[in-house]
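As you go down the protein sequences, you meet chains Y and W in turn.
Position 89 of the first sequence, counted from 1, bears residue number 89 in the numbering used here, the numbering being contiguous throughout.
Each number in the numbering used here corresponds to the 1-based position in the second sequence with 383 added.
Keep in mind the hints are simulated off the structure, nothing from the lab.
It should be emphasised that the depicted structure is a prediction, and the values quoted were computed from it without experimental measurement.
Just so you know, even glycine gets a beta-carbon here, dropped at the ideal spot from N, CA and C.
Wrong hints could be hidden among the right ones.
The list that follows gives simulated cross-link-like pairs (lysine-lysine, DSBU-like), each with its CA atoms no further than 35 Å apart [unchecked claim]:
hint, chain 1, residue 1, chain 2, residue 2
1, W, K633, Y, K85
2, Y, K109, W, K549
3, Y, K356, W, K596
4, W, K468, W, K598
5, Y, K213, Y, K250
6, Y, K85, W, K492
7, W, K549, Y, K215
8, W, K468, W, K549
9, W, K549, W, K739
10, Y, K229, Y, K215
11, Y, K109, W, K598
12, W, K548, W, K612
Distance ranges between label pairs, derived from CB positions [said to hold, decoys possible]:
hint, chain 1, residue 1, chain 2, residue 2, range
13, W, D458, Y, Q357, 21 to 29 Å
14, Y, G258, W, T473, 23 to 31 Å
15, Y, R240, W, L433, 44 to 52 Å
16, W, Q740, Y, R240, 52 to 60 Å
17, W, T610, Y, R30, 54 to 62 Å
18, Y, T330, W, R413, 13 to 21 Å
19, W, D470, Y, A23, 43 to 51 Å
20, W, G636, Y, T217, 41 to 49 Å
21, W, Q466, Y, M1, 34 to 42 Å
2 protein chains.
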Amino acid sequence: MLFAGIMSGTSLDGVDVAIADIAGNLTSPRIRTVAFRTQAWPRAVRDALLAVSNCDTHTAQISRLNVLLGELYADAVRETCLQAKLDIRTLRAIGCHGQTIFHEGRATKVCGWPIASTLQIGDAAVLAERTGISVVNNFRARDMAAGGQGAPLASYFDYSVLRSKKHGRVVLNLGGIGNITALPPAATPDQIFACDTGPGNMVIDQLAQLATKGKQTYDRGARLSLTGKRNDDLIRELLREPWYRTAPPKTAGREQYGAEFIARLRRTKLSLPDLMHTMCAFTAATVAEAVGRFVHPVFFPDELIASGGGVHNPLIMRYLAEFLPTTRITTTAEFGVDPDAKEAIFFALFAACTLKQQAANLPAATGASRPVVLGQLTFAAAR
Amino acid sequence: MLFAGIMSGTSLDGVDVAIADIAGNLTSPRIRTVAFRTQAWPRAVRDALLAVSNCDTHTAQISRLNVLLGELYADAVRETCLQAKLDIRTLRAIGCHGQTIFHEGRATKVCGWPIASTLQIGDAAVLAERTGISVVNNFRARDMAAGGQGAPLASYFDYSVLRSKKHGRVVLNLGGIGNITALPPAATPDQIFACDTGPGNMVIDQLAQLATKGKQTYDRGARLSLTGKRNDDLIRELLREPWYRTAPPKTAGREQYGAEFIARLRRTKLSLPDLMHTMCAFTAATVAEAVGRFVHPVFFPDELIASGGGVHNPLIMRYLAEFLPTTRITTTAEFGVDPDAKEAIFFALFAACTLKQQAANLPAATGASRPVVLGQLTFAAAR
């Protein structure tokens, strides 16, 4: 059987490629060189590699954190099993998203090549070695390699688990950012669409920290927000941003709702409770805006299925019902999926897909040219 | 079947772990949440992640180069097949070492944890997508996860391909750095040992560039070196460094033979041709020193099997024969392995091992606690 091997050394000469015919038992294989070729690095790439390979603090830190996160992920899995009184060996595989330290869905020129990229750390080798369980990780890269944005990956889960023959549905996740997946009744994969809607909890969380001088990281049960009142002028003014009218696919970055956004809110001179209450309404309003503008032209959703931390904010949930009066508001719990666990669960599903060599991206949602098998498999043990 | 999923988001709340029971067809699975838990990041880790995730040039550059290298690796494989008139679809898999941008075999404290790490870039997802061939990459990480130094990986290849029942052998690779694997007659895996010996070609290459004002990157056929003469005082002086007497395992870094080493040579006032000739002899002398000091106490090698660019330097080869008079000097070509292709070929072998879920590290060589399956598998296509 033929195998290609690639080596590019620290001498930075270029890329060595060998094609070898490998036969026999792999502990005593017969090997024949079928082809060999060295391809020099383009000059600009060589220079960039030299620069990035210099052992300055930053690259070292990425490398070390990658391994450290593997250790911490392993700890987290072990602890989870322990608390659930589950023998870790009953796990067939672990799907690990990793920690994104860079994501750029649109291509920029790098040494002359158009490059879109994403970088997650959290070493699968350490995770597999510590847990004794096979790991699948690095899910976004392949979708991007196929021309997608590497996000949203949730759509595949929403499609495969939450679609209905009879009902039109909108699946809403309220994490830091809010996003929806639209599932027309009896949808086929190419009819799915998804987009970010605006803030999820991150604005309310920041205001809660300000209001409690850092004592609370979020507004538990919307208690503080409930002491304020809604300011519709502010909601209307914020919704005037062209971003909310931009057609999907679109993503909202954390920077969009960071310190600058908070400063803008505070310039209104509204009290913190009023701002918080208004932001609960604003989160619901941006969801209603996206549903009205992008979903209604296609179908009227019978149900909105929410997940993420936002489902625990009764004020957001109340405003969702108020702003989408013809849609029943529920959560993924109704479908056996803990609303807090949903994101982690879809990486479990992705791991299952990868083990079965099954594609798990929805090109209609990510923009990829085709469905591809996501992730990389790290084997727990020798066969 | 149970699967674990792990998610840790940009909000840096911590690590979400879900255990899900996944049943049925994976396009319409039945899913039940069995366990869910959030483990907060330790404060120091969260801070470090915040710092490293800031989109400053360096992290972005690593992420982009990772993808760019995937593209370039794919180009290199395609070109190799084209030139060899080989249909790329006949490849069963690609084993890709990637480009190391950081390697630290010994643990340092990171946020309080002892961490050894290695970081290779060159995206397997891009490589698999562009070639249509499954890829195995990231070979060193697992050996390190099992307590090894992630190097030398060559030993497994040397052991499985080049060992002999009758003959004691030393396998020598002369890349930028020189290294040997010692294979006693009828060796078992635990009897193998390996170490770096000193410079391979990198010192001679640097001197050749100086001598030709950058026109040549190496001394082709040792032509320039052959015009100089050997200086034994310098060889003796250089060999006095304690590093050469340090017992294996040990590695030599590029920094050991970089600008500072060259400056030291030039302070001798010897002519460049004399220095080059002397360095050819020195490369051979460091090999002979390592063989005499570390191999001879165990066995007397009948054969030294060389590979790497150094085999094309007749002066190094002549001095190897002179300094190891009782050992027959040959190259891997005698065993069907192109001496220039050897490193790339062992990543082809490693890919084959990973596909068969077979361990491919030699704990005796790397220091790992046990043999482990190396690498991560990226599937070319859906089944």
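How the hints compare with the structure:
no. : hint                           : result
1   : K633(W) to K85(Y)              : violated (44 Å)
2   : K109(Y) to K549(W)             : violated (57 Å)
3   : K356(Y) to K596(W)             : violated (57 Å)
4   : K468(W) to K598(W)             : holds (33 Å)
5   : K213(Y) to K250(Y)             : holds (34 Å)
6   : K85(Y) to K492(W)              : holds (32 Å)
7   : K549(W) to K215(Y)             : violated (74 Å)
8   : K468(W) to K549(W)             : violated (39 Å)
9   : K549(W) to K739(W)             : holds (29 Å)
10  : K229(Y) to K215(Y)             : holds (22 Å)
11  : K109(Y) to K598(W)             : holds (31 Å)
12  : K548(W) to K612(W)             : violated (40 Å)
13  : D458(W) to Q357(Y): 21 to 29 Å : holds (26 Å)
14  : G258(Y) to T473(W): 23 to 31 Å : violated (52 Å)
15  : R240(Y) to L433(W): 44 to 52 Å : violated (32 Å)
16  : Q740(W) to R240(Y): 52 to 60 Å : holds (58 Å)
17  : T610(W) to R30(Y): 54 to 62 Å  : violated (43 Å)
18  : T330(Y) to R413(W): 13 to 21 Å : holds (19 Å)
19  : D470(W) to A23(Y): 43 to 51 Å  : violated (19 Å)
20  : G636(W) to T217(Y): 41 to 49 Å : holds (45 Å)
21  : Q466(W) to M1(Y): 34 to 42 Å   : violated (21 Å)
The earlier numbered hints that this structure contradicts are 1, 2, 3, 7, 8, 12, 14, 15, 17, 19 and 21.
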